[in-house]
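Participant: Construct the complete structure from the given sequences, taking the supplied hints into account.
First to last, the sequence lines map onto chains B and L. Sequential numbering of the first sequence, starting at 1, is according to the working numbering. Sequential numbering of the second sequence, starting at 425, is according to the working numbering.
Among these hints, one or two may not hold up.
Unchecked claim - Calculated from the model, a selection of chain L residues having no Cβ within reach of chain B, i.e. all distances over 12 Å:
no.: 1; residue: 456
no.: 2; residue: 497
no.: 3; residue: 529
no.: 4; residue: 585
Stated by the list, open to error - In silico DSS-like cross-links for lysine-lysine, where the CA-CA straight-line distance does not exceed 25 Å:
no.: 5; chain 1: B; residue 1: 231; chain 2: L; residue 2: 597
no.: 6; chain 1: B; residue 1: 325; chain 2: B; residue 2: 132
no.: 7; chain 1: B; residue 1: 237; chain 2: L; residue 2: 597
Think of the hints as simulated: they come from the structure by calculation, not from any bench. We put the CB at the ideal spot given by N, CA and C, even for glycine.
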Amino acid sequence: MSRSKVLLMAVVLGVAVLVSLAGSVVLAADDIIHLHFWSGVPAENGPLAAVEKWNAMNPNIQVTYHRYVNNEEGNLRVNIAMQTGDAVDILMSHSANDYEQRVRSGLLRPLTDRLDEDYLFEKVGSGVLRWKVDGVYYALPTNVNAIFIMVNEDVLRDRGLEVPEKLTMDELRELANALKSDEFTYTYALDAGNIHGVIQHALIDVGFVGEDGKSNLGHPNVRHGLETFHKMMHEDKVMPVLAVQKATNMAPEQMFLRGELPLYQAGAWRLRMSNDLEQYPRDFRIAFVPYPYFDGHSIPGHHIEDAMSITAHCQYPDEAWEFIKWWALEGMMALALGGRVPAHADAPGAEARRLIVSGAEQTYNLESLNRTYEMENTKLIPVPPYQVLDYINQEIEKYFLGEQSIDETIDNMVEFHNRFLERQ
Amino acid sequence: MKVPGRSTLPGAPHSEVSTVNWMKRQQLIGYLFVLPSVLGVTVFFLIPLLFSFGLAFTNWVGPAGRGLRFVGLANFQRLLSDEVFLKAIGNNILYLLHVPLSVVLGFLAASALNRRIYLRNPLRAAFFLPYLISAIAIGFSWMLLFHPTQGPINQFLMSVGMTDPPGWLASTKSAMLAIIIIATWQSLGFNMIIFLAVLQDVPQELKEAAQIDGAAGWQVTRHITLPFISPITFFLLVIGTMNAFKSFGLIQAVTGGGPANSTLILPLYVYRTAFRYYEMGYASAIAIVLFLIIFSFTVLQWYGQKKWVHY
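Facilitator: This is the structure we're talking about:
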């Protein structure tokens, strides 16, 4: 090959490299501020409409909505985007564990100059404490994610029973047994991925870690909760065995809406399905009961979630904060049809609660639904780190399968948790 | 310096000095051609690999690893008391069983389909099809088959008198067996295709000579066919073992490592530790141990081949 051809090839290679590098440089030609907002809510479930409304009202601050799937891969993707300084200005975190990881990695801005705790407690409630890391808030939670047991009210009436205002664990078991009949394979179920919630509810008033810095997994409520579920699975046979439910991909929400399961422990995220009477036709009314609680302890309160943060790389934090405030007060209304109720006291929460059942109001016992939103003496459930959560799931799976005793289960969980705490 | 045949090539130099310059230019051109590939392998493979080795001796936690410091062998010491890690190693070794199983079954299928039989080509395609299907689709299909009460497998077992059939994916005792069955079924077709190709090359005259001398069918297979295909058998065992230790998609789709970590294998544990717990340092230590295990198995197989592989 001649020298000129070699030179030509080198020039072409160099230009190719330069062009690919230059492609990442964006030359702004106007004064419009562009913000990128990431959240785990599907765009068609309200966020896109809300963003479009903001963009119409604020031509100088244009927001682009990006959806990430709220699972490991999706959260990893958004974390990498933030680490590389990619276009993430406003981020909605859905899990306290992922949020804390982001805070400790310096990916989110502290909001100490924009929020104070008194304001948050007054406007959002004590549920904001979940989003406090080392005494600082890095996010404004925007959504009341209601949790409740969905009840087939017609089945209750047939048995001569009233919709309970609240239930202890023992009363839940009694009710599930009272509804037993040949008509139902099971009378009570919850999403398999949430079964560890019984331990979170058990420790609602004491938390996972005691004042001595040791694990509280040996608390009597934990034993009581696990034993109650075990009896419901194996003695009463009113609840599916956990491993069977997982291995068969059993969908309790589908069973409930088909009238095959009278009690389904879920939350507002299922209202989107139950509102859709075309895809899920039903002829029974749905009533709502708060999650079961342990006698003498607080009732599990609704989750205060969808925490919006300004990322560390955001070049327009003031504008991002304006968007976040607007979202908390007005933008959230576009998501009401998907079961999301604004957490901020100044937002039209009552209107949102009307919207979350819109189109199917006559099929719900609205009085019981409102009761769950207005319940007092509730508390937010504690959330352990993923490592502890996964170990708990492993041990309770073995217990529910009958492969180890309750004592072994609790001893193993306590030992693992204490070892984990020592490493922190 | 004269290069034999050089003077006949177009553009070739005719003097010694110009020959040396020409060769240097040719080398430069060669390097330029491979440069993109080398850069890609270095940036996307070698550097991350070395970085990962280094990470294993640090306490990197969280997406951005704040507060990073050198901790020596602490991560490796933690592995020794990590019951989940030890369980994952045991599960991985158990999972290896599907490799010789699929090799043996692949050979048997290839032997059968190497003959002139009715529907030979559609059968070959049917055997190979599972290898082409995604792990997710396979996983969901087998979950239905393995349903503890309504699945056809247990329905059949109960119909032939078994009163307490296995729970399959719903039981810690049988979940790994179910995964081994699925993995064997999926990889059998690939092994079959490879064996089919090699079986075509087995010299017919050797087999005929053996038959003339009175050798039975099994003796021909044992003394002629199997030694002849031993190199490819060795290849399939080595590749299969490496893949078994790197397997992720199938188990993640079917059980996620459950129930109760009874199907958790090392690659899944590395993924969980790195991308769910964000303990990158510890995950890197697990990855190094995984690398050493794969390396050891490969070395063992390599030395073992002297006993049974015939080239």
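Participant: Indicate, hint by hint, whether the structure satisfies it.
Facilitator: These are the hints, each one checked on the structure:
Look at residue 456 (chain L): its CB is around 7 Å from the nearest CB on chain B, not clear of 12 Å, so calling it non-interface is violated. Consistency note on residue 497 (chain L): stated as away from chain B, and its beta-carbon is indeed over 12 Å from all of that chain's, at 15 Å minimum. For residue 529 (chain L), the requirement that its beta carbon stay farther than 12 Å from each beta carbon of chain B is met, with the minimum near 25 Å. Every beta carbon of chain B lies more than 12 Å from that of residue 585 (chain L), the smallest distance being close to 23 Å; the non-interface claim holds.
For the given pair, residue 231 (chain B) sits about 22 Å from residue 597 (chain L) by alpha-carbon distance, which is consistent with the 25 Å threshold. For the suggested pair residue 325 (chain B) and residue 132 (chain B), the alpha carbons sit about 18 Å apart, so the restraint of at most 25 Å is met. Restraint check: the Cα-Cα separation between residue 237 (chain B) and residue 597 (chain L) comes to about 22 Å, which is no more than 25 Å; the hinted pair holds.
The structure shown violates just one earlier hint, number 1.
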